[in-house]
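Which chain is which? The protein sequence lines are A and B, in order.
Numbering that gives the first Met the number 0 puts the first residue of the first sequence at 0, with every later residue one more than the last.
Numbering that gives the first Met the number 0 puts the first residue of the second sequence at 0, with every later residue one more than the last.
Think of the hints as simulated: they come from the structure by calculation, not from any bench.
Watch out, some of these pointers could steer you wrong.
Stated by the list, open to error - Derived contacts from chain A toward chain B, CB cut-off under 10 Å, selection only: (1) Lys-15; (2) Phe-113; (3) Asp-132; (4) Ser-215; (5) Pro-218.
Said to hold, decoys possible - Subject to a maximum C-alpha distance of 25 Å in a straight line, what follows is the list of computed SDA-like cross-link-like pairs (lysine to any residue): (6) A:Lys-22 with B:Arg-63; (7) A:Lys-22 with B:Lys-65; (8) B:Lys-144 with A:Met-286.
We treat Cβ as the ideally placed atom computed from N, Cα and C, and that holds for glycine.
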Amino acid sequence: MNREQAVADLTNVMSKFTAYIGKRLPTDVTQKLGDLREKEVNFLAKEVYESMRQNQEAADKLDRPSCQDTGVIQYFLTAGANFPLLGELEEILQEATAGATREGPLRHNAVETFVEKNTGTNTGSKIPWLDWDIVPGDDSVTIDVYMAGGGCTLPGKATVLMPGQGYEGVAEFVFDVITSRGVNACPPLLVGVGVSTSAETAARLSKKAILRPVDSRHPNDNAALMEQLLTDGLNELGLGPQGLTGNNSVMGVNIESSARHPSTIGVAVSTGCWAHRRGRIRINADMSYEVISHQGFKL
Amino acid sequence: MKKILTTPIKDEDLESLTAGDVVYLTGTLITCRDVAHRRLIEQGRDLPVDLKGGAIFHAGPIVRQKDDGEYEMVSIGPTTSMRMEKFEKDFIKQTGVKLIVGKGGMGAETQEGCVENKAVHAIFPGGCAVLAATKVEKIEGAEWKDLGMPETLWINKVKEFGPLIISIDTKGRNLIEENKKVFNEKKKPILERINQQIGFIK
């Protein structure tokens, strides 16, 4: 395959995959929502879960974006340093976003700041947003596509605590964000928490946390314990779907972490709404690909 | 049996409704969000639609224009109503709108506006945008198209549009604010319990 053809093929695959994830939820999210629906006993909450179920069925059947807010498109790349199109990926993903916007169709969600005009293509300065991790010696790329809707982006918050506030301060921060702003962000939420050294490192990790599967656990035992305690504690609040009260509040809490300065604890929260539209795809060096997030994916 | 509101909505249609009730809407539902509110209230521009007895939807849909020029509603779900809190009380007073549909709750000022002018705020389940689109029979018009697809005032003919969960009623009850109080009261003892188990800095 020549280079030009490979670029065209990958652009086409990424364009179709980007549009696809707006129409069908990833397998782990669908399963979790099914579990929560079955456990629910409150009248209004059950009513809402039933609307959610009907909506996903209709979106699949009519091949339409399941939520009208198809978000700002973000790509999180875990790229092998030897992936043949490493240098072309940025342009490929810009083209893929524009393509998905036409074919999806996706709502026009890129407003050029200061100019204050909607570009109408979902592309603009640094948008789609790209986040890179480079893997030495590898020749494939794994791409997480995320549709960052307005409602679930609004609760996002980062701060830097003093060490005296400890992990207790982290737990309080998470609870404050969810009870004040999470209620409007379409619960049951997937809550991402970054525990790190500064505001921006914690913020990035909190977003990476909601790209992890719903029921996954942090490899460190203390962090995993904290994930479980926060999940159970937030569920005990009983926000229910849409904040109308119910048996649960969240699909889960995922923590990502880094080492920190001895004088700081950076903490951040990112939330994913129940319609958590993300997809993971691995592209090999020969441009063959495998969709990891959605069972039964068809182009 | 389904409780169905029909536009134009009269005061007496709303007086018996209580926060937490589920209703449906048949008639005209017009999308109206951030900039449309700002233009009327802050800039004093006339709205290009008559909302007396009407219903608005805090929403920014995906709309497709077909080959014959007609618009098709593809996906239309509610957006966060709280963003309109700054304007809504005056908006209700000036327009005579009776039903405001959106996502999440609204604040004290909207609550006052609903009591004073006999209006209600209702929640349509967020994210259920295709379900909502299937309840739109026809797009009858589009105004202020200069605002772009999400902010245009789309005039929709709807049939049994819902479920609409009344969050603010005409009697001053505010469901989401009441719920938030409960969440905040529950928070403290839960955190105290969690905090006993996460003293990792030793």
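Evaluation of the provided hints:
1. Lys-15: Given a least distance of 18 Å, the restraint on Lys-15 (chain A) is violated.
2. Phe-113: violated, 17 Å
3. Asp-132: At about 27 Å, which exceeds the 10 Å cut-off, the nearest Cβ of chain B leaves the hint on Asp-132 (chain A) violated.
4. Ser-215: violated, 20 Å
5. Pro-218: violated, 15 Å
6. A:Lys-22 with B:Arg-63: At roughly 16 Å apart (the allowed maximum being 25 Å), Arg-63 (chain B) and Lys-22 (chain A) satisfy the hint.
7. A:Lys-22 with B:Lys-65: holds, 21 Å
8. B:Lys-144 with A:Met-286: violated, 42 Å
Of the numbered hints stated above, those contradicted by the structure are hints 1, 2, 3, 4, 5 and 8, listed in ascending order.
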